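Chain X: place on chain L using the hints.
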Amino acid sequence: DIDDVGHKYYLELELEDVLDKDSTVNCTAEVLYHLGNKNIAPDVQFTLEGEPKNTDEADNIFYNRIKNLEKELVAENIPDSHGNVPPEMEPIRLLAWVASGYVIWQNSTENTKLQLAQIKHVKQVKRSDEYLEFDYMILLHDTVSQEIIPWQMTVLWHPQHGVQVTQDSRQPKHASG
Amino acid sequence: LQLDFWLAPRGLGHPVDIRVPFPSLQPLKAHLEANGISYSIMIEDVQTLVDDEQMEMLRSRRGLPVSTNTFDYATYHSLDEIYTFMDLLVSENPNLVSKLEIGRSTENRPLYVLKFSKGGTNRPAIWIDTGIHSREWVTQASGVWFAKKIVQDHENNEGVASILDKMDIFLEIVTNPDGFVFTQTQNRMWRKTRSRHSGSVCVGVDPNRNWDAGFGGPGASGNTCSETYHGPYANSEPEVKSIVDFVKSHGNIKAFISIHSYSQLLLYPYGYTTTPVPDQKELHEISKKAVAALSSLYGTNYKYGSIITTIYQASGGTIDWTYNQGIKYSFTFELRDTGRYGFLLPAKQIVPTAQETWLALKVIMQHTLDHPY
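Protein chains in written order, with full-length UniProt numbering: chain L, 1 to 177; chain X, 1 to 373.
For reference, chain L alone in the conformation it holds in the complex (with noise of 0.2 Å):
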């Protein structure tokens, strides 16, 4: 507890990499709540001991392969019903999952619990510069109050440069589902 500033956690943490569990780094990281009703993200800071596993070749494949497309990438219910991802949507769903993580720690305090439900629909926007743009709109699942939460976020990638979101805002939910 920190006096009329809010709470701060202290946490040490392994990271795995979801696609190769053998990967994993270190770090070490201070989360700081603040107080009251502000809608002010929480503090994080980190260190990480070491680096993640480079991902270039991968990331040059995917990026080149949409880059390539005659038709703006379109999709949707990622995954489906039955948990299936197509293979060549997987790393959409990625892309997804980083990004959401930009949305969730903006919109997270000490009562939520937040995670990616669903990818409801995709699209990707035509650049005339280098970065790959996705429009998706998501479902986000808060494990506390148990409600599912449409977002949605436009997404910027590019292998050298990273994810960025350049624009989410919360939707409004469907009243009787």
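These are computed hints drawn from the structure, not numbers from a lab.
Remember, it's a predicted structure, so these values are computed and weren't measured experimentally.
Think of the CB as a built atom: it goes at the ideal place given N, C-alpha and C, for glycine as much as any other residue.
Accuracy of the hints is not assured; some may be wrong.
What the hints assert, rightly or not - Straight line, CA to CA, 25 Å or less: simulated SDA-like cross-link-like pairs of lysine to any residue:
1) X/Lys348 <-> L/Gly83
2) L/Lys67 <-> X/Met42
3) L/Lys120 <-> X/Ile41
4) X/Lys29 <-> L/Arg127
5) L/Lys21 <-> X/Thr300
6) L/Lys71 <-> X/Gln47
7) L/Lys120 <-> X/Gly13
8) L/Lys120 <-> X/Pro9
9) L/Lys21 <-> X/Gln349
10) L/Lys21 <-> X/Ser296
11) X/Lys348 <-> L/Pro91
12) X/Lys303 <-> L/Glu16
13) L/Lys126 <-> X/Asn35
14) X/Lys348 <-> L/Ala75
15) L/Lys126 <-> X/Val46
16) X/Lys289 <-> X/Thr309
17) L/Lys21 <-> X/Lys348
18) L/Lys123 <-> X/Arg340
19) L/Lys120 <-> X/Gln47
20) X/Lys348 <-> L/Leu94
21) L/Lys123 <-> X/Gly36
22) X/Lys29 <-> L/Leu73
Unchecked claim - From chain X, some residues computed to sit far from chain L (all C-beta separations above 10 Å):
23) Leu3
24) Ile37
25) Asp72
26) Leu79
27) Asn95
28) Leu100
29) Thr106
30) Lys149
31) Gln366
32) Tyr373
Just chain X now, kept in the frame of chain L:
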């Protein structure tokens, strides 16, 4: 031109998506180009997509199952398929399995419980339910697998033979059939029942907040549109009331296990209060053993503890009520995973999940057998 707008115009700078009948293609393109409006083709031929989808649906209409030996346990099934499975299991094993109807859902679907018994009258019993929250599909799928497993193992001693020699097992596989059908037809993320109460704007009650234990207290919502809406009063939901009536009239249930997903947790009461249950120490020890057994199979990590200290405060919950009725061995599971797929757990994880969970269930059942009360 018979243009069919799939994304309607909503203002400058916003895209518009249109399905264009073939004869209107040229005129529309000419019109857009003449006005300097850029466009791109998203789908060349909608009919091809529709045809493909039709074929897919026909292929996956495998038809209803014909035997529990050829039933595919590694995929998700419809309500009809699961109800057919139950009837098959009973007809294949009439001396062990029977099907009871304990009530009807809001939309008048039968609520079925399978009874596994080697005889006797009103023997002490174990209750297991899956699918009370309809979107937690790995639970109903695991329930189907458990049913078959009990039948396969009822004579062998690493199985449930000794348990069934003295006790009965009751298994409700689709505890919330209305919600389940809704997840298959309208909204995969539906959790609650499908009841409408006067004065409700929204549909459905959280069946795990509707029990008479701390009902309406903190840890449930009074807002009908919330996923944790507790309902107008305790046991307002027929899905809940039918179990309450069954438990009370049976009078000899000794263990009660309610299965959910996801989070990988094994929980015991209470959820509605921080006051520990009198049997806390024993329940904690059982949980420790059960979780160890579960992990031994595939290394899946579970945490365990009381509901309120392990996840969050939740009032009106199932096992808080059953514990207060005197059913000491009351547990809740949250199955795989921890969020990577969440509710959309890939079908290939159904059987491993069911297998590992079964090991934990056997620990609880064995302990109940060994500690009569």
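Quiz item: So which of those numbered hints doesn't the model satisfy?
Solution: none
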